[in-house]
Amino acid sequence: MQDGDVIRLDGVTKTYQAGAPPALADLSLDVAAGEVVAVMGPSGSGKSTLLNLIAGLDRPTAGTVTVAGRRLDNLGESGLARFRARHVGIIFQFFNLLDDLTVEDNVLLPAQLAGASRRTARARAGELLERMGIEEHRDDYPARLSGGQRQRVAIARALVNSPELLLADEPTGALDTATGLAIGRLLQQLNEAGQTMVLVTHDPALAERYAARTVRIVDGQLAGAGVPA
Amino acid sequence: MSSPARSWLGAVRTASGGMLRHKVQAVAIGLVLLVSTASATLGLALLAASNTPFTHAFSAQNGSDVTVTVNSARAGPAALAATRGLGGVTAAAGPFAESTVQAQFGGQPFGQLTLAGRASPSGPVDDVVLNAGHWPDGPGQVVLDGTPGGGPALGGRLAVTGVPGAPALVVVGFGNSVTNTADGWVTPGEIGRLQAPGVPPSAQMLYRFTHAASYAEVRADVAEVTGALPPQAVTGAASWLAAENASAGNGAIMEPFVVAFALIGLAMAVLIVGNVVSGAVVAGYQRIGVLKSVGLTPAQVVLAYLSRVGWPALAGCLIGVVAGNVLAIPVLQNSAGAYGVGSQQVPLWASVAAPLGMLILVGLAGFGPALRAGRLSAAEAIAAGRAPRAGHGYAAHRLAARLRLPRPVGLGLAAPYARPARTAVTLAAIAFGATAVIFAFGLNSSLSRAAASQTHSATAPVRVGQFGPGNGPGQTPSAAQDAAVPAALSDVPGTLHSVALYGNQVKVPGIAGNVDAQAFGGDASWIGYGIIAGRWYDAPGEVDVNTAFLSQSGLAVGDTVTVDTGTGPPAQVTVRIVGEVFHPDNQPVLFGSTQTLPGLAGAANLREYYVSLRPGVSTAGYVQAVNGALGPRSPWQAISQHDGGQFYSIASDLVGLLALMVAVAAGLGVLNTVLMTTRDRVHDLGVFKSLGMRPGQVLTMVVAWVAGPAVLAAAIAAPAAVALNTATVRAMAGTAHTGIPAAFTQVFPPSRLAVLSLAAVAIAVAGALLPATWAARSRPAVALHAE
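So the sequences go chain by chain: Z and S. Quick note: the first sequence uses the working numbering, first residue 1, plus one each step. Quick note: the second sequence uses the working numbering, first residue 1, plus one each step.
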């Protein structure tokens, strides 16, 4: 692992059921700080599994996963939770906002769980909501927002703890084209500000437009890597 | 098999498949039904047992309508046998030789025992039920009336005093005669050895008559027997009515709290079962929608859903009824001892009604939601019941977010508002459970105070009573023997207070029959009688009375009354009633000083001495010292007064058992609710975890789900339990024909009530902990994709 790497996967295998083909097989991958890597592949290829392992949502069956300088494969559940709270922000295809919390409370939540002071967390949330252009919706509930606005809330929530790594699972998959483009541009701006990102997507255009590098996974193995034209 | 039958069975199999995928919920349904059914079975059995225990036992054991004691020197076996053929006699047993003896156990007086010589416990009349051990089959063996405990155990040796050789009897068993025909039984040949010199031989005949329902009929029956025997052959007769009266008090006293617990248990069962079943049905709407989309008919859906909850419910009910019967065995055995009615069993109808009632309850609780599921279209069913309706609980979350609480706590506290109906049921279950626990503690305290007040064991731990023949005329104590008692109490170090109690029957206008007058030879205020109204007497001319006295005379505290002591002078004294004291008894009792009740302070009326000890003095050592001072030949013996009695011990055990069962059922109700909520919110839990919520924080949040309802439940349960305790204790006192001192119900000082109220939190946390742990351990990746 080079000094500038935020992510390093070394010989990672993930098997869900004994005897079944592995979801990921002996996969190795490095992502440098400030890099945007798009992960592409057909359904069931292992993209989400890869994302889960990088996010510390799951553990590999074999191999090592190192993110932001921490070995995740030997951390306990509490250690993984602390890691997620402080070092990783996750954006989901279907936003995964909590319907019964306001926009602001959704954004504040990771900071509160990580033990940030109330004042600091609110200031950071306010800054992010403004940056995402949704500050006027801070007291609204997610159900009242459009898809694009919800994804902006999700991005703000993912960034509230200033993570080294932003993981996005089909971030535009549930959005119309125009909104998807807007979200894409937002992610691009974040990267330009130095944010390391891994994008899981089916959309070659998104990968081509915003990712510095694309890795393809087929049947749990890297099928090739390249730099988008 | 025909095609329709196959399709119906298919529906059931489909449901079973669903059930197997929700093992924990199936187990929760089964356990709640198990506890509820066991509780209901026990409750019904106790209700039946406390309702008419004597009648049942009298019938089962062929109780003796009349037990006639005869001088067998005047009426021989032939004459007695002839009485079997009397017109009204339907069955007879005997003659059984009997002897009344004085006994000692462990060197201490054991009282007077009437022993009957019987070759077998069974017979056409008065089947003696053996509670332990075996029937005497050789010399020197005795079966005592009652159950083991509090006195000699199996193998214990009793020394019979007052007969040549002071023979020993080894306790080989404990039995119970429903009509108390004897205090113990030995082999027929043993009686001769137990006969005191100069005392005429006696025997008992046990009869059942065609008509013996009233005292008048019993008197006529006794007269018939007496007339058929030589003059003065009959020396005594005991009626079954007297035995019934004696048993009625204890049995009836238990009814109020058994009813209270049975009602709590029933309400709990309705709530929990309804919640479990409705929750299971609602949680399965999506599945049923899918099944409907592939062709299940509405009727099959209803069947599938009912069978889904039905199998675990049936299993729970069946195991529960067995558990209820098993639990009832020791309880009924004890209560039978308290009632003095021999053996008691769980009635068959209780073993049928409890599980059947619970299954009907399950059916009713499940039918509505199942019918709704059947009527929904496939698409509606898939959409229904997946999540709380939008809008519920949002304000609570908003408020919780503003509170300066750890975020998981705030999230947990606000969560119940998303499902108000489910939360209300959870709250009610916790409230019922906590009420039962607080009520149990309160009732136990009330009963302890009643026991202490009735026995005075705390204030007067030593009594000196007459347990043997004296040197005076007619084996009464001589003046010297009487005088030795106060001397011994004065000489033996450790005496704090002592007072002589004299007693005799007196007459009071307005009260039919006698009044038991108890006169103390000195200050008796330290004995600490429980004062229901007024105060303890402290001057000549003042008396206290029990509740039966007031209710039978129509007098009240403050009234004056003329007492005819039959002795004197003067024979008649006017006294003022200054207080009503706690002394449960059907018979009116009057307490005063010997100055107030002249003539009672005679040697013939001396009953016993109450003694209190200085702090730190050993009761056993003191008793030994007093008895040493009195000497082995003294009719007076010191004994220690033990707290409570069998009734209080049984009541305490019962209260504890019932409260535990209700609390367990409440905890299971909470477990089920939290489990359902965890399932509902599994995706949210995944999101929380993905955002960095640690397992400990998840655990805290899930436990906090029930914290709010628990606090509210505690606020409801505390006053409810206080009111229930007061009402129950009053009802119990009413059945015992006594009022109660206010102190008996004032058993909940605020600090204690606050601590006891934590039972609600304990039940809630105990119920939530298991599903909270599962939620905390779940892998976030799995939870995120589990919906």
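The hints are simulated quantities; they were obtained by calculation from the structure and are not laboratory data. There's no promise every hint is true.
For the chain S half of the interface with chain Z, some residues (derived, Cβ under 10 Å), not all of them [claimed, not checked]: (1) A220; (2) R398; (3) G410; (4) L411; (5) A418; (6) A421; (7) S553; (8) A556; (9) R679; (10) V682; (11) H683; (12) V687; (13) S690; (14) Q697.
For every residue, glycine included, the Cβ atom is placed at its ideal position computed from N, Cα and C.
Status of each hint after checking the structure:
1. A220: 82 Å, violated
2. R398: With a closest approach of 6 Å, the S:R398 hint holds.
3. G410: Because about 9 Å separates S:G410 from the closest Cβ in chain Z, which is inside the 10 Å limit, the hint holds.
4. L411: 8 Å, holds
5. A418: OK, holds: S:A418 within 10 Å of chain Z, min 6 Å.
6. A421: 17 Å, violated
7. S553: 69 Å, violated
8. A556: 64 Å, violated
9. R679: 17 Å, violated
10. V682: Where the cut-off is 10 Å and the nearest Cβ of chain Z is about 13 Å from S:V682, the hint is violated.
11. H683: 8 Å, holds
12. V687: Holds. Min distance 5 Å.
13. S690: 6 Å, holds
14. Q697: 6 Å, holds
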